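All chains should be built: construct the whole structure from the sequences, respecting the hints.
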Amino acid sequence: IGKGGAGIVYRVVLGSGKVVAVKQIWNDPAAAATNNSWEMSASTAAMLAGTRRSASVRSREFEAEVTTLSSIRHINVVKLYCSITSEDASLLVYEHLPNGSLWDRLHAETGGKLGVLGWETRHEIAVGAARGLEYLHHGWDRPILHRDVKSSNILLDECFKPRIADFGLAKMLYPAGGGDSSAHVMAGSYGYIAP
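Counting along the sequence shown from 1, when you hit position 158 you're at 158 in the UniProt record's numbering, and nothing is skipped either side.
Calculated from the structure, these hints are not laboratory results. Keep in mind that this is a model prediction, so the values were computed, not measured. Treat each hint with caution, since some may be false.
Distance condition first, Cα-Cα at most 35 Å in a straight line; then the derived DSBU-like pairs of lysine-lysine [said to hold, decoys possible]:
{"no.": "1", "residue 1": "3", "residue 2": "79"}
{"no.": "2", "residue 1": "18", "residue 2": "150"}
{"no.": "3", "residue 1": "18", "residue 2": "161"}
{"no.": "4", "residue 1": "3", "residue 2": "161"}
{"no.": "5", "residue 1": "79", "residue 2": "18"}
{"no.": "6", "residue 1": "3", "residue 2": "150"}
{"no.": "7", "residue 1": "161", "residue 2": "150"}
{"no.": "8", "residue 1": "79", "residue 2": "150"}
{"no.": "9", "residue 1": "3", "residue 2": "18"}
{"no.": "10", "residue 1": "161", "residue 2": "79"}
What follows is a set of in silico ranges between Cβ atoms, one per label pair, in the way DEER data are often shown [what the hints assert, rightly or not]:
{"no.": "11", "residue 1": "116", "residue 2": "63", "range": "37 to 43 Å"}
{"no.": "12", "residue 1": "104", "residue 2": "143", "range": "25 to 31 Å"}
{"no.": "13", "residue 1": "17", "residue 2": "85", "range": "22 to 28 Å"}
{"no.": "14", "residue 1": "85", "residue 2": "116", "range": "37 to 43 Å"}
{"no.": "15", "residue 1": "70", "residue 2": "123", "range": "29 to 35 Å"}
{"no.": "16", "residue 1": "85", "residue 2": "3", "range": "15 to 21 Å"}
{"no.": "17", "residue 1": "59", "residue 2": "79", "range": "20 to 26 Å"}
{"no.": "18", "residue 1": "103", "residue 2": "127", "range": "17 to 23 Å"}
{"no.": "19", "residue 1": "107", "residue 2": "18", "range": "26 to 32 Å"}
Think of the CB as a built atom: it goes at the ideal place given N, C-alpha and C, for glycine as much as any other residue.
What follows is the structure in structure tokens.
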């Protein structure tokens with residue numbers, strides 16, 4: 001389906017015929033450099049192999065995504081079915097959203113393979129994404145900051161209903177004096193971070 005900074009996402013058809021999306025995250029950067037189907041330069045592979053911090057960051061992002069998504073149930077947030085961890089890789093199994101990302105749709109050429117979204121559909125997507133964010137921020141006792149909301153992290157189902165995805169940088173907020181106090185750390189994608 002695609003790839004990002006944390007791994008590759010595959011479309012998988014189960015024996016029952018159900019389609020799911022599987023995000024593969026390599027635990028060892030050297031393994032990622034040799035096993036991914038996308039090309040990586042030798043200098044990048046060497047750089048990744050030499051940094052323990054990258055593996056540590058990937059592990060924290062994986063744990064954050066599993067912890068966050070396993071407790072969320074909202075129509076506008078992607079569903080995580082299960083997670084699987086082995087020595088060399090971790091897998092996240094999600095619902096499959098056949099219409100790809102909002103970014104893909106907004107940047108599609110007129111008459112192209114993906115088609116163009118009408119204004120009413122765009123409005124419904126914006127409202128749905130806002131409802132998902134409202135739920136994350138105010139819908140339960142531990143607010144969640146996504147910290148990387150952008151059009152490529154808003155996925156669309158068969159009816160173009162939006163689902164917020166990619167919780168690798170998410171942060172749960174805890175009451176004063178308890179839990180994680182690092183919510184002030186800046187994270188996100190350049191061009192999408194709040195000023």
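The hints, checked one at a time:
no., hint, result
1, 3 to 79, "holds, 19 Å"
2, 18 to 150, "holds, 28 Å"
3, 18 to 161, "holds, 19 Å"
4, 3 to 161, "holds, 22 Å"
5, 79 to 18, "holds, 14 Å"
6, 3 to 150, "holds, 15 Å"
7, 161 to 150, "holds, 16 Å"
8, 79 to 150, "holds, 18 Å"
9, 3 to 18, "holds, 22 Å"
10, 161 to 79, "holds, 13 Å"
11, 116 to 63: 37 to 43 Å, "holds, 38 Å"
12, 104 to 143: 25 to 31 Å, "holds, 29 Å"
13, 17 to 85: 22 to 28 Å, "holds, 26 Å"
14, 85 to 116: 37 to 43 Å, "holds, 40 Å"
15, 70 to 123: 29 to 35 Å, "holds, 31 Å"
16, 85 to 3: 15 to 21 Å, "holds, 20 Å"
17, 59 to 79: 20 to 26 Å, "holds, 23 Å"
18, 103 to 127: 17 to 23 Å, "holds, 18 Å"
19, 107 to 18: 26 to 32 Å, "holds, 29 Å"
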